[in-house]
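Q: If you're matching them up, the sequences are chains A and B in order. Position 119 (the first sequence) corresponds to 1278 in our numbering; numbering is contiguous. Position 48 (the second sequence) corresponds to 1207 in our numbering; numbering is contiguous.
These are calculated hints, taken from the structure and not from any lab test. As the structure is a prediction and not an experimental result, all values here were calculated from the model. Be a bit skeptical, because a hint or two may be false.
If chains are identical, the list can't say which one is meant, so a pair holds when it fits in one copy or spans any two.
Stated by the list, open to error - No more than 25 Å apart at the CA atoms, straight line, and that leaves these computed lysine to any residue pairs for SDA-like: (1) Lys1313 <-> Asp1243; (2) Lys1309 <-> Leu1181; (3) Lys1178 <-> Leu1222; (4) Lys1313 <-> Arg1277; (5) Lys1309 <-> Ser1228; (6) Lys1276 <-> Arg1261; (7) Lys1313 <-> Glu1248; (8) Lys1229 <-> Gln1297; (9) Lys1178 <-> Glu1216; (10) Lys1313 <-> Ala1247; (11) Lys1309 <-> Trp1293; (12) Lys1229 <-> His1193; (13) Lys1309 <-> Gln1214; (14) Lys1229 <-> Thr1187; (15) Lys1313 <-> Arg1266; (16) Lys1178 <-> Ser1262; (17) Lys1313 <-> Arg1199; (18) Lys1276 <-> Thr1310; (19) Lys1178 <-> Arg1266; (20) Lys1229 <-> Leu1307; (21) Lys1313 <-> Thr1188; (22) Lys1229 <-> Pro1295; (23) Lys1276 <-> Leu1177; (24) Lys1276 <-> Ala1296.
Number of protein chains: 2
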Amino acid sequence: MTDLDLETRLSDDDHQALKLWLRLLSCTTRVEDHIRQRLRQEFGTTLPRFDLLAQLERHPDGLTMRELSKRLMVTGGNVTGITDQLEAEGLVQRETRAEDRRSFIVRLTPQGRRQFKRMAATHEGWIVELFAGWTPAQKTQVHDLLALLKTHLKDST
Amino acid sequence: MTDLDLETRLSDDDHQALKLWLRLLSCTTRVEDHIRQRLRQEFGTTLPRFDLLAQLERHPDGLTMRELSKRLMVTGGNVTGITDQLEAEGLVQRETRAEDRRSFIVRLTPQGRRQFKRMAATHEGWIVELFAGWTPAQKTQVHDLLALLKTHLKDST
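Excised from the complex, chain A in its bound form (with noise of 0.2 Å):
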């Protein structure tokens, strides 16, 4: 093999993987921005919001404000203020830390969870609706090659 092979080689390499990633971040951006208009249409509401109900009913014991800005998994919401907001509307509470009177921890409301609950449901028919492209085998396959992705991200990041 001559350097121009590897070279060519490598090329076409990085090429590939930047391909790759406009076409990932194509597809997750169709996919986001259908969810957010669905959001909007039918329930009046955003994806931030959205996404950190989906946190705290995720973790029924409440979080703390840093916790939850480390897992929301969209951009665009300013988490103190989507907090407030939710908070008024009776759907998250905050709570003084016994541990630490200084900091709080947030947690759903029981009318926030059956809030929650209902969008939840919809929201996962939307999806199912979206990933109808694929077979079951290929979303096991796919699901499968991201777990790699993920332990390689882990690593490198």
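With the hints as your guide, set chain B onto chain A.
A: Leaving out everything else, chain B in the frame of chain A:
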């Protein structure tokens, strides 16, 4: 097959789509966060600025503000505000269109093109690193699977 079997199967499949989406979103977010951080550290710039320059680089004849907004893949950027900044820095320029003097197109200046090319080469290196968790064959596999998803998303959104 009983109704119950069918229901169980459907519910498993629903869950599969949701898990897959959350994993896809978490990988995309992790890559994006990493790129945001490195763009800031190494070039003192943001992802929406980089993305806007990238779109213009792919369209040498320029884009209207409307086309530009539609093509941007990352959120968090105010297209007009970013364009103003980049114009003030001499990286892009606005031009009145011959066919419609009320609207204008935005394009890269020669300096903008040079600066973008330098950043893009470094950016591509980061992407290659981040996706090194997949072999070239696995990258091809995901790329092909994403093509199927993309077609389905275009039809259903």
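Q: Work down the list of hints and note, for each, if the structure agrees.
A: For each hint, the structure was consulted:
For the identical chains of this complex, Lys1313 and Asp1243 are neighbours neither inside a copy (32 Å) nor across copies (37 Å), given an alpha-carbon limit of 25 Å. Taking CA atoms no more than 25 Å apart as the test, Lys1309 paired with Leu1181 passes in both settings, with 17 Å inside one copy and 12 Å between copies. With identical chains, the CA atoms of Lys1178 and Leu1222 are at most 25 Å apart between copies only, with a shortest distance of 22 Å across copies and 37 Å within one. Taking the closest pair of Cα atoms, Lys1313 and Arg1277 never come within 25 Å of each other, the shortest separation being 33 Å inside a single copy and 27 Å across copies.
Only within a single protomer do Lys1309 and Ser1228 lie at most 25 Å apart by alpha-carbon distance; the minimum there is 20 Å, versus 30 Å between protomers. Proximity of Lys1276 to Arg1261 under the C-alpha cut-off of 25 Å is found in neither arrangement, the shortest distances being 31 Å within a copy and 49 Å between copies. Proximity of Lys1313 to Glu1248 under the C-alpha cut-off of 25 Å is found in neither arrangement, the shortest distances being 37 Å within a copy and 36 Å between copies. Within a single copy, Lys1229 and Gln1297 get their C-alpha atoms no closer than 30 Å, and across copies no closer than 30 Å, so neither meets the 25 Å cut-off.
With identical chains, the CA atoms of Lys1178 and Glu1216 are at most 25 Å apart between copies only, with a shortest distance of 15 Å across copies and 36 Å within one. In this assembly of identical chains, Lys1313 and Ala1247 lie within 25 Å of each other by CA distance neither inside one copy nor across copies; the values are 37 Å within and 38 Å between. For the identical chains of this complex, Lys1309 and Trp1293 are neighbours both inside a copy (20 Å) and across copies (10 Å), given an alpha-carbon limit of 25 Å. In this assembly of identical chains, the alpha carbons of Lys1229 and His1193 lie at most 25 Å apart whether taken from the same copy (24 Å) or from different copies (14 Å).
For the identical chains of this complex, Lys1309 and Gln1214 are intra-copy neighbours only, at 20 Å inside a copy versus 28 Å across copies, given an alpha-carbon limit of 25 Å. Both within a single protomer and between protomers do Lys1229 and Thr1187 lie at most 25 Å apart by alpha-carbon distance, with minima of 20 Å and 15 Å respectively. For the homomeric pair Lys1313 and Arg1266, neither the shortest alpha-carbon distance inside one copy (28 Å) nor that between copies (38 Å) is at most 25 Å. For the homomeric pair Lys1178 and Ser1262, neither the shortest alpha-carbon distance inside one copy (45 Å) nor that between copies (32 Å) is at most 25 Å.
For a Cα distance limit of 25 Å, the shortest separation of Lys1313 from Arg1199 across copies, 20 Å, qualifies, whereas the shortest one inside one copy, 33 Å, does not. Taking CA atoms no more than 25 Å apart as the test, Lys1276 paired with Thr1310 passes in neither setting, with 30 Å inside one copy and 30 Å between copies. For a Cα distance limit of 25 Å, the shortest separation of Lys1178 from Arg1266 across copies, 23 Å, qualifies, whereas the shortest one inside one copy, 41 Å, does not. Taking identical chains as interchangeable, the C-alpha atoms of Lys1229 and Leu1307 lie at most 25 Å apart only when both belong to the same chain, with a minimum of 22 Å there against 32 Å between chains.
Taking the closest pair of Cα atoms, Lys1313 and Thr1188 come within 25 Å of each other both inside a single copy (22 Å) and across two copies (12 Å). Taking the shortest Cα distances, Lys1229 and Pro1295 never come within 25 Å of each other, neither inside one copy (31 Å) nor across copies (32 Å). Taking CA atoms no more than 25 Å apart as the test, Lys1276 paired with Leu1177 passes between copies only; the shortest distance there is 14 Å, against 38 Å inside one copy. Taking the shortest alpha-carbon separations for Lys1276 and Ala1296, neither the intra-copy value of 28 Å nor the inter-copy value of 40 Å comes in at or below 25 Å.
Hints 1, 4, 6, 7, 8, 10, 15, 16, 18, 22 and 24 from the earlier list are contradicted by this structure; the remaining hints agree with it.
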